[in-house]
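There are 6 protein chains.
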Amino acid sequence: MTRSILCFGEVLLRLSAPGKQLLLQTGGLEAHVGGAEANVAVSLSRFGHKAAVVTSLPDNALGHACVGELRRHGVDTDPVRFRDARMGLYFLTHGAGQRPAEVLYDRAQSAFATAPADSYDWETLLKDTQWLHVSGITPAVSTEGADSALRAVKAARAANVKISFDCNFRARLWGSRSPQAPGILSEICQYADLIFGDDRDIAFMLGFKSDDANATERRRRAAAMAFETFRSLKWIAYTERTRHSVDTQQLAGTLHSAKEVFTTRPYPLQGIVDRIGAGDAFAAGILHGLLKGMTPQGTVDFATAAGCLKHTVPGDFNLLGVSDVELFLSEVQTDVRR
Amino acid sequence: MTRSILCFGEVLLRLSAPGKQLLLQTGGLEAHVGGAEANVAVSLSRFGHKAAVVTSLPDNALGHACVGELRRHGVDTDPVRFRDARMGLYFLTHGAGQRPAEVLYDRAQSAFATAPADSYDWETLLKDTQWLHVSGITPAVSTEGADSALRAVKAARAANVKISFDCNFRARLWGSRSPQAPGILSEICQYADLIFGDDRDIAFMLGFKSDDANATERRRRAAAMAFETFRSLKWIAYTERTRHSVDTQQLAGTLHSAKEVFTTRPYPLQGIVDRIGAGDAFAAGILHGLLKGMTPQGTVDFATAAGCLKHTVPGDFNLLGVSDVELFLSEVQTDVRR
Amino acid sequence: MTRSILCFGEVLLRLSAPGKQLLLQTGGLEAHVGGAEANVAVSLSRFGHKAAVVTSLPDNALGHACVGELRRHGVDTDPVRFRDARMGLYFLTHGAGQRPAEVLYDRAQSAFATAPADSYDWETLLKDTQWLHVSGITPAVSTEGADSALRAVKAARAANVKISFDCNFRARLWGSRSPQAPGILSEICQYADLIFGDDRDIAFMLGFKSDDANATERRRRAAAMAFETFRSLKWIAYTERTRHSVDTQQLAGTLHSAKEVFTTRPYPLQGIVDRIGAGDAFAAGILHGLLKGMTPQGTVDFATAAGCLKHTVPGDFNLLGVSDVELFLSEVQTDVRR
Amino acid sequence: MTRSILCFGEVLLRLSAPGKQLLLQTGGLEAHVGGAEANVAVSLSRFGHKAAVVTSLPDNALGHACVGELRRHGVDTDPVRFRDARMGLYFLTHGAGQRPAEVLYDRAQSAFATAPADSYDWETLLKDTQWLHVSGITPAVSTEGADSALRAVKAARAANVKISFDCNFRARLWGSRSPQAPGILSEICQYADLIFGDDRDIAFMLGFKSDDANATERRRRAAAMAFETFRSLKWIAYTERTRHSVDTQQLAGTLHSAKEVFTTRPYPLQGIVDRIGAGDAFAAGILHGLLKGMTPQGTVDFATAAGCLKHTVPGDFNLLGVSDVELFLSEVQTDVRR
Amino acid sequence: MTRSILCFGEVLLRLSAPGKQLLLQTGGLEAHVGGAEANVAVSLSRFGHKAAVVTSLPDNALGHACVGELRRHGVDTDPVRFRDARMGLYFLTHGAGQRPAEVLYDRAQSAFATAPADSYDWETLLKDTQWLHVSGITPAVSTEGADSALRAVKAARAANVKISFDCNFRARLWGSRSPQAPGILSEICQYADLIFGDDRDIAFMLGFKSDDANATERRRRAAAMAFETFRSLKWIAYTERTRHSVDTQQLAGTLHSAKEVFTTRPYPLQGIVDRIGAGDAFAAGILHGLLKGMTPQGTVDFATAAGCLKHTVPGDFNLLGVSDVELFLSEVQTDVRR
Amino acid sequence: MTRSILCFGEVLLRLSAPGKQLLLQTGGLEAHVGGAEANVAVSLSRFGHKAAVVTSLPDNALGHACVGELRRHGVDTDPVRFRDARMGLYFLTHGAGQRPAEVLYDRAQSAFATAPADSYDWETLLKDTQWLHVSGITPAVSTEGADSALRAVKAARAANVKISFDCNFRARLWGSRSPQAPGILSEICQYADLIFGDDRDIAFMLGFKSDDANATERRRRAAAMAFETFRSLKWIAYTERTRHSVDTQQLAGTLHSAKEVFTTRPYPLQGIVDRIGAGDAFAAGILHGLLKGMTPQGTVDFATAAGCLKHTVPGDFNLLGVSDVELFLSEVQTDVRR
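Protein chains in written order, with the numbering used here: chain A, 1 to 338; chain B, 1 to 338; chain C, 1 to 338; chain D, 1 to 338; chain E, 1 to 338; chain F, 1 to 338.
Think of the hints as simulated: they come from the structure by calculation, not from any bench. From the three backbone atoms N, C-alpha and C, an ideal C-beta is built for every residue, glycine too.
Computed beta-carbon distance windows for the label pairs: (1) P268(F) <-> G48(D): 40 to 48 Å; (2) E331(F) <-> R200(D): 13 to 21 Å; (3) K259(A) <-> G321(C): 49 to 57 Å.
The calculated lysine to any residue pairs, modelled on SDA-like cross-linking and capped at a C-alpha distance of 20 Å, are: (4) K50(B) <-> D76(B); (5) K20(B) <-> T26(F); (6) K50(F) <-> R72(C); (7) K50(E) <-> R72(A); (8) K20(A) <-> V273(B); (9) K20(A) <-> K20(B).
Model the full assembly from the supplied sequences, consistent with the hints where possible.
See below:
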């Protein structure tokens, strides 16, 4: 069977304070497996696709537990490599009310960040694969990450595998390598069929200031510039989030083709359970629509619904399936299904 | 002392995923005891009434634990029968945001569903009892359940015990026996003094389509038809729920006598903790009002307040007392009582 | 180094039902350390001040655990005295929706309440100290408490230590000693530089009925009367809370100098986690502003933000720091900091 | 139906550190209901007897939760009185290895300790009752307790109700009233049919030093003296415990009639889960044997087995039934029953 | 890659009381996935083999969660079939001291028990497979189970796939079908290369009484008779368990070939954590030895060590790997590996 | 007040699997603070000494939480330095039966390991200090650690502060720097007054093979050689552990002066709760004896008892006090203190 997608990026172990506690306020931590690309793979697997993850993990109990967790959700983990290096971690304090959530990364020198670019045999890895998904986090974590990401997208282009790229700019991860970021990210975008990124991402990569006061206009112009600059680009997608508090927000999605814009209405998010991974759930939704040949409007509706629903699931993964998304979109008022 | 009420129906063990997790997302389940009729009994017991439950339960650790839990809340469990059969279970995933809660029944072949109709000696059981409470779930679970429910209401009528019936139509439980449902349910209603059910329930039983666009009008007409059809009927009661999300809703109550309608204002429900059993808490509130000789308006106000407050209590049971309901109705703005 | 503040009052062990459960609904309790004055000390310590607590605690595992918890948050506990008496407790049921939280005090005969007034050598204790903080709870718990509080404020006045007094009138604690309350509280106020209390507190102490229909006007008049009556008084501060439900409220702060009033806008409180100690967090914020020489408006803004943020932290203590408060005031919409 | 036993004594709320943690080492406590006499009542109820508890409890959430827990295990709690006073508590740190468990009492001024001796109408309470069970803890907690205990046993004697008395001498509870202890305890013993107590208890009550080097001989002599002194006495029972560590011990039981001694072999106790209440489980076992008319040897075997099995059940109550005790005595080697 | 083993049998969801609690003593249950054959598959997967499970599971959240858990541990679940029927459950109370563990089965009418014998296409399922593993539980659960098991072993014999059979006689599961048990079990044994069963199993199947007083002799004779009767049989294996308490036991293993007997020394089991699945871990160890071509002595040593180590792992699965077993066998005294 | 001891070394955050679970078997981790030298400081603080820790920790929520935890137990943390680097972690799987515990270090590149040797101003830090405690872990973690340790002991010698050194050789931490270990460790020993280490440590440092078959003789010879080689050395101490299983062991202690040997009887360890930190608890016990001027035999008895008791306390710290140790040594058989 043909594989729908291969996701390349770091798998992280997330350690979070229970409930609404501050980090180490009492003596327990909850462990979840995450990472932007793994999140996309799990979500697509739950949508019924054959999804695989390629990454480097420590050859110890932590690395193997992460692989087990991906496998549990149906992801093909055969491409995972094990190395003698540390596990990438992040510590999470959930937010509450007007207190934002807080992420404390502890991923330097991880098995993934230190894996040499020639660790991955892309030709073999990409065989019988429809899409490759990469994010801007990979080039941010290390020089090796940047080299690996570039090799991956070049190999995919050569092998006629479609490329999905989530810009995911994180200044803290780039650190002193920040000045190289625009160059590297836009080089990757040259190969992408699909980019997840809004006007700020595009402005950052292409080096201009996006200053139109009208947000909608600003995004359309940025998208136009991206379609102009990046030759393989067919789709740009992003969400717009409005925040009232950590618990109550609003989400709307947009999908641009070179010629058209497809937008959803803003959906209210109430009683948010776990906001981490919502962007990845949206990304998985877009990819699901494209893989299934849905209409652009149907695709962005599905993806935004998936992104909204992710806010109701503890952990980084969106574990909900196609029927859950469809129920959401049907807007039937149900509070108990029995 | 005279017993206020005897509740007849299946006692279930509910196994729910902790917090906002999906079912079996991690390795724990929370156990609660529930069941529509047991919920009514517990609530009335906490309101100070002498309430009893008659049911069939497995003669094992699970069945005895359920009885212990009912007894803990003051319910008289002497009428409970133990049999060599399985425990009725249901698995619950709590909802969140726009993701509805999900109930997975596992109650087929339970000690209750398989108990022969002659298991219960109604003449003895109904002695010194003011009300019998039955719900539409009992005839739905099995032929034996349907026969038992009919015998119960006939015996009650013969013994001059008032009858309260909660329609509670659940298509999934009736399964292939669905076509018999209207006949059985309306036969039971022939004996009832009090019915919990709205226009959809009445339409279903009496076989017409309730299609007036105006909901209030639709409900009044359905009630009128019920009062006409069911000769013993004195009261019809129901709630109307408006949903914004799983966490934020609105509840209003209505009580019809043959001639008048008594309605409450819609009460906002915020930060809903556990929605299961709210209808039963409302039913207990109506029965409390009738038992105490409160005015119809006072009765529906009390019942709706009880139904609202149930949403704040984990588990199926409404454990709050009369003073909690009165504080709610007083609308004094208190966030900490000390 | 000079000590910013010495807080005098009872340290309590709080035992609360987990999550939204009723007290002892299931078999667990969560333990936190609290007490109005200790809360102020911890908050000021987390804001970077040298804060100490003086109290009497049982010389057993409970008393020593409380001291350990204060020390954990940087509070100087050297002034704590240990006695052979019981620990002051309170049991807390968190509220939900329209069900208010409930506090059950079990603090009679505690080590603090029974400590003789000559237990504390104020001259030594107040050395090198800028502020003494006392609350109206201390005179309420016992005659010894009242005597001790009066000795403390007199000694502070003599030693040129500024005095902060939180009225905190609790009728249930005064019990049969209630008639003495106005006299004792207003005697303490005679020594105070700063009072936390609104028009109801002042009316209660000064024996008039505050009946102006306009709340703002009523508060200004009460404040004016307080400034007239209490000769040392320089500041009065309080918050105004609007409640929609236990989870959703609004908070605004006010700071009066003898001549001016400084008010904040009402801040929405959504998804409230733990409301206990919010007043103490506000008090600590005012004291922080005064200690740092902030403007009155800056002070009340900071204090109100601190009070709001406390609602997001489990337990009695506000564990958040100056940068958290500043982020809140910046009103930057952040839901995840990474 | 005739009631097998009425147990009179304080019901306590036990708050214990989880697992093997020290008290408040982390932020949780486990709550159990206990108290020597309540433990006997619960155990007899689980053995199939009609057992009741008479006590005084606070009229608040804690008191009512305790009553609910007794009722859950089938105990008749109708005789319980509610008062406006505090709940008796004790804090427990479980032991481990060579670190003994530690009990911290917080029961002074409790609803039970302060209940006037005329709170209980013994004539009514003892109607249709076979046995009254009292322990030496009740006279120890307060003068009121001592008076109440004496009134109870005198009323029982008058009403021809058999009396069971567990000496349970606890110096810490008697405090400054210790000198009165021997007199009060031996006055109660004058009415008892059955005493739980070994040579140390008897020596303490009768004021001699039990100094025979041979323990068996010492116990027989003490028993002989008790039978001589206490005119109603028919049975004396006690256990002998040998300790290797908190987790590994040995237990043997003895039952004396006026003329004979019945002893069990020492049973090994391995992997002890909860040692609290083992003596009460033994007492319930003896009472079960006497109520059922078992032979003295059968009675002490049953009781010792019950005492051993209690060590495997978390909490103060022995929740195991007659069939569990019989399986233990059968000495069939079973590690999983399926 | 050739598959080492295909395991056919029911996958169960186990719901256990936490720690040493009795079932539903408090409100939580721990969920684990188990089932004799699934346990063997997981253990072999952790030993590095390609293992698959074929079974029927409900097409709902419970069934899919079970499959996810198997997949997590590396088991190939592609052969699993989903049906519209209930999940097989069992409730477990862990034992303690002299209180045995207790299993309460709730597996009647499960998706597996009701799956028609033609549900499984054995020809396809057994392709490229070295061993088929079946247990005596499958024919016990239902007529369909018995038919399916027979079809499976016949198909395996035809396809030259080796057959491993664990007798696992459970009278409670056979119920009224018990008289058929010996015939069905011995028919299956006619096809087996490897049987797990001791003298009692063989005596039961072949209809004689194994009454030699000397246990070793009894077992040898029974084995000899089995080798004589069952023509394909090459190996018989079993463990001998000695019990001091639930926590402290001893385990020895034996492996018979037609001509020789290989036995291990008895290994002490101290501080037993979870005894369920130990027999399956032993079975997996024997299969590992045979698959790897280890010597018979090496095989039974490895298997017994694996069986011992299982007692230290919570849940039904033995999650330990080859290196853990080898460390155990090396008998190096290590209490902390760092 | 003079400070009893300054402990220099890395403070670690330990993340352990709950109970007897394998690492990440389910989704929770328990967090404790530890580290060999911090453990000594906490234990001495609980014994009533003024103990301080000097270390480098990350300037984030994790580092500050560790400091809070040390402070909670009375340790002076003023000397702690905060840096912008990662937290040193270790993951712990508790052992069970014959399955050893497993430590997975994740401490490379930590704030401590990367702190330059000139980070610490020893002259100031050692003022008014009686003892400096260092362990062999510090030179093992990095070159900076080795330099810092040497500077520390030299400064202590110069300032007349006594030096305690725990050899604690860990090959895995030294890694490729292992060849330098003997030289560095023995250079530190040149300054030590007290060394914790047995014959293997001494043999390793001084480069000979300790091959006498008689263990006692081997240890005496090694000690003699150490006293000869290390000029400042006055005491050598170590424990000898015998293992039956992870749960059941035996511990004996030895203290050598230059001329005499003091030994304890072997104490049985049953029901071990947490073995980590037992060596540090022993070390703290020796230091307590020396600080208090106890006899050598009293000192080693106290220290061994402290080491034994540590096995009963969850976490790395020995939280028990002097009276607990004295109760242990009294060998009074108590299983419940009340």
